[in-house]
Amino acid sequence: MCGFLAEYNLSAQRSFDKSDFLDLLALSQKRGPDDVGHLVLPPLVQMGFNRLAILDTSNAGHQPMQSANKKFSIVFNGEIYNHLDLRKKLNYNNYKGHSDTETITVCLERWGIEKTIKELNGMFALVIYNHQNQELSLVRDFAGIKPLFYGWDGKTLVAASQYDQIINHPVYASKSVNPQVLKLYLQQHFLPAPYGLHMDTFQVLPGEIITFNKEGSKRHQRYWELPTNETSFITDSKEAEHYISSVLDQVVEGQLLSDVPIGGFLSGGVDSALIGSSIKKYHKEAQLFTIGSDSKTHDESERAKQFAEALNLQQSIWKLNAKEMLLYWDEAMNTLHEPMADFSILPTYLVSKLAKKQVTVALSGDGGDELFFGYERFWSVGKNIKYQQHPSLLRKGIYGFDKYASGNKKFNAVLLASGQGEAQQGLNSRFRKEWLEALAPDLNNISLPEEYDVYSYSNSKDTRTLLQNMRHSEFYGMMQKTLRKVDLASMGNSLEVRVPFIDKQMIEASLKIDPLLSYGKNKSKQVLKNILHNRIPSVQEETVKKGFSVPLSAWFRADLKPLITERLLDANLLDFGFERTTIEKMLKSHGSKEQDLKWPLFTLYALLK
1 MCGFLAEYNL SAQRSFDKSD FLDLLALSQK RGPDDVGHLV LPPLVQMGFN RLAILDTSNA
61 GHQPMQSANK KFSIVFNGEI YNHLDLRKKL NYNNYKGHSD TETITVCLER WGIEKTIKEL
121 NGMFALVIYN HQNQELSLVR DFAGIKPLFY GWDGKTLVAA SQYDQIINHP VYASKSVNPQ
181 VLKLYLQQHF LPAPYGLHMD TFQVLPGEII TFNKEGSKRH QRYWELPTNE TSFITDSKEA
241 EHYISSVLDQ VVEGQLLSDV PIGGFLSGGV DSALIGSSIK KYHKEAQLFT IGSDSKTHDE
301 SERAKQFAEA LNLQQSIWKL NAKEMLLYWD EAMNTLHEPM ADFSILPTYL VSKLAKKQVT
361 VALSGDGGDE LFFGYERFWS VGKNIKYQQH PSLLRKGIYG FDKYASGNKK FNAVLLASGQ
421 GEAQQGLNSR FRKEWLEALA PDLNNISLPE EYDVYSYSNS KDTRTLLQNM RHSEFYGMMQ
481 KTLRKVDLAS MGNSLEVRVP FIDKQMIEAS LKIDPLLSYG KNKSKQVLKN ILHNRIPSVQ
541 EETVKKGFSV PLSAWFRADL KPLITERLLD ANLLDFGFER TTIEKMLKSH GSKEQDLKWP
601 LFTLYALLK
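1 is the number of the first residue of the sequence shown in the numbering used here; add one for each residue after it.
These aren't lab readings, by the way, just hints derived from the structure by calculation.
Some hints could be false.
In the DMTMM-like style, the derived pairs of lysine to aspartate or glutamate whose C-alpha atoms are separated by at most 20 Å in a straight line are [claimed, not checked]: (1) Lys504 <-> Asp514; (2) Lys383 <-> Asp514; (3) Lys353 <-> Glu324; (4) Lys529 <-> Asp236; (5) Lys218 <-> Asp200; (6) Lys183 <-> Asp575.
What follows is a set of in silico ranges between Cβ atoms, one per label pair, in the way DEER data are often shown [to be verified]: (7) Glu253 <-> Gly577: 48 to 54 Å; (8) Ala322 <-> Asp259: 37 to 43 Å; (9) Ala322 <-> Lys512: 26 to 32 Å; (10) Thr297 <-> Arg110: 53 to 59 Å.
We put the CB at the ideal spot given by N, CA and C, even for glycine.
Produce the complete structure using the sequences and hints provided.
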């Protein structure tokens, strides 16, 4: 992968000299340690690029890159898996090399920006400067796999691969915190697009093109969004499994395109094992990478080993105990160039570190849970569907009676939410309302950003419709957090991670499968589970879903207690309006085991680090 920085400056008084620009570009050096490029396009634009060479490692892939006719200049972070197919369509014979970046420049010459972007299948963030009309466009891939941050105050546009590059630019360094976005971060534990934490800072949405012109105006265009209105499905389970299995193989084969060593992550779960089984068909010498722990509750390395042996693929396992993992805490936390509170950043960082010793590209199983209904929350919301249309008072009565009669074995607190979307949003938040209100009283009367609509869908009486709505919300909600975690952890190790389940072909295929085939108690991801069983029958299906994690609760009470306490109490809390006494109470409550507050404490730590 790569890192870039671009500036589009409409004010001569704000010119940023080359030395300072390159210093800011260097913040993303780990994203691209192989080459550095810089281009000045007077009077408005300069671009910088840190390259991680994957396709065409020669100088023919150097960026920033100009099109042959000098109409377009681009910086591009990502991979285009269908770029060789696009070359066949273009019927162009004057390529200097075989990089996907050069393919994009030819597409832009022939087709223009909109058609080019719609033709691309891959993961990408693009800055495109049109020399003729002096417009600059920011483009992000359809699923939001690659990040694209920007600052815009009407005069100076700064676009970058990392948020810290924006807020360290002199125009944006003194911008105040946006209280609406701060509240959203505390509830969702990351910064969802299109928001930046500070005023006048933003992110490009997945599937969006934003174009700026020299008059200081901008226009937004959403070129792709995940559909929710499918009505025709494959309802036969065998047909569905055959179809998804075939598409997965095609996708993985396409994503194995590389001029450098490539491998895959392997946990004990369904998704990464399926990716591994597809890798085996096309790259028999591929290496798989697994992180293990000394915790019987969380360790998946033994099951992963069974998968690797059944596939007859080489596997590297790095097994650490809690004390050993702690040695890498600071390294992993230093990859957080923006507020992002997912403590699985540590194992993700470690498996990336392991993989980087032998490969430059790894395939990961992320996205399978969102597209194929792998989370418990799909069932948690869906099982109450018959009762969610009842008046609030009646729902409270049903919940209360079930609590008294069976300890809420039949109904959960989701039934008390005012709507299905609110219920789903609540399940994705780990910061309890009472603590949040006490921590930041100034935010109590602050609403979330008006345009934040990830969970804004209407109640449905139909389970299929509900599941489609929930999948859409997961895609633009928690999946975006996962993608940010993977990007930050892998890029901190100069490793490119590809996600076959979020390939355009796989997304479109998943939408054709009847959601009910993977819905019901203990039926999550059933289509994928069946495919895996057919491919690797020797490994028994797991009865309890595991997820490699870290003992953060215990660490916050012992090994990391001094660090967390110092950070949360000595930080400049006035910047956020937090109550010191509330943080002290949270630390005390967690330390005494009265409550497990690792999630809100880590959310604050990630914000203040």
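Outcome of the hint check:
Distance hint between Lys504 and Asp514 is fulfilled; the C-alpha atoms sit about 18 Å from each other, no more than 20 Å. Taking the CA atoms of Lys383 and Asp514, the gap is about 17 Å. The hint holds against a cut of 20 Å. At roughly 14 Å between alpha-carbon atoms, Lys353 and Glu324 fall within 20 Å of each other, so this suggested pair holds. Using a Cα cut-off of 20 Å, the hinted pair Lys529 and Asp236 holds, with the two alpha carbons roughly 15 Å apart.
For the proposed pair Lys218 and Asp200, the alpha carbon gap of about 14 Å is at most 20 Å, so the pair holds. Under the criterion of a C-alpha separation no larger than 20 Å, the hint pairing Lys183 with Asp575 is consistent with the structure, at around 13 Å. Between Glu253 and Gly577 the C-beta distance comes to about 52 Å, which sits within the given range of 48 to 54 Å. Between Ala322 and Asp259, the C-beta spacing of about 39 Å keeps the proposed range 37 to 43 Å intact.
For Ala322 and Lys512, the hinted distance range of 26 to 32 Å is not satisfied, since their beta carbons lie about 44 Å from each other. Remark: the range hint 53 to 59 Å for Thr297 to Arg110 is upheld by a beta-carbon distance near 55 Å.
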